[in-house]
Amino acid sequence: PEAQLDRFMLNVVMDYLSEDDEVAVVTATTTDHRAQVSRLFSGEDLLEFRHFVRRVPIAEDVARFAVRLAAASRPGRAGVPDFVNQWVSWGAGTRASQNLVLGAKTRALLEGRAHVSPQDIVALARPVLRHRILVNYRAEAEGIDTAAVIDRLVEAVRH
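Each position in the sequence shown, counted from 1, maps to that position plus 457 in our numbering.
Careful, some of the hints might be misleading.
DEER-style ranges, computed between Cβ atoms [stated by the list, open to error]:
{"hint": "1", "residue 1": "L497", "residue 2": "R525", "range": "31 to 41 Å"}
{"hint": "2", "residue 1": "E505", "residue 2": "Y594", "range": "46 to 56 Å"}
{"hint": "3", "residue 1": "E597", "residue 2": "S499", "range": "25 to 35 Å"}
{"hint": "4", "residue 1": "R496", "residue 2": "N542", "range": "35 to 45 Å"}
{"hint": "5", "residue 1": "S495", "residue 2": "E599", "range": "30 to 40 Å"}
No lab work stands behind these hints, which were simulated from the structure alone. If you're wondering where the values come from, they're calculated on a predicted model, not measured in any experiment. Glycine included, every Cβ here is placed at the ideal spot set by N, Cα and C.
Working from the sequences, and respecting the hints, build out all of it.
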């Protein structure tokens with residue numbers, strides 16, 4: 458399953474709907490009402506959006522930060538933080554580095570910037586890494602979850 462999960466760019470955690478919102482969803486999806494759907498953009502537009510994101514420049518040190526963040530999650534490798542070897546049974550692969558950078562480029566554009574900052578990588582760390590890092594039983598027994606490992610990785614790699 459880890460290999461299949463790795464194909465998803467992000468793992469977004471969402472809370473349950475409020476009662477009113479859930480009633481609206483239930484009502485809308487259990488009737489015969491057909492919603493009017495209008496096209497906002499074409500498939501060609503989507504491809505152009507994708508190319509636009511990929512053209513956002515990223516400084517080598519920021520790309521290196523993304524790569525080091527993913528690499529630091531891989532237990533048994535030289536130079537990883539001790540807590541990774543203690544708590545992680547499976548770390549993030551190359552797709553994690555790629556998706557940290559693509560997510561950071563997208564975030565930069567959405568915030569009106571034409572460049573990627575280290576803070577963009579940090580902001581994407583949990584959504585990109587949480588389904589790519591598998592904590593072991595020791596971590597679970599000590600109350601350590603994947604989010605805690607990611608937060609510690611960010612601090613370890615940042616300094």
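Consistency of the hints with the structure:
{"no.": "1", "hint": "L497 to R525: 31 to 41 Å", "result": "38 Å, holds"}
{"no.": "2", "hint": "E505 to Y594: 46 to 56 Å", "result": "47 Å, holds"}
{"no.": "3", "hint": "E597 to S499: 25 to 35 Å", "result": "47 Å, violated"}
{"no.": "4", "hint": "R496 to N542: 35 to 45 Å", "result": "51 Å, violated"}
{"no.": "5", "hint": "S495 to E599: 30 to 40 Å", "result": "52 Å, violated"}
Of the hints listed earlier, those the structure fails to meet are numbers 3, 4, 5, in rising order.
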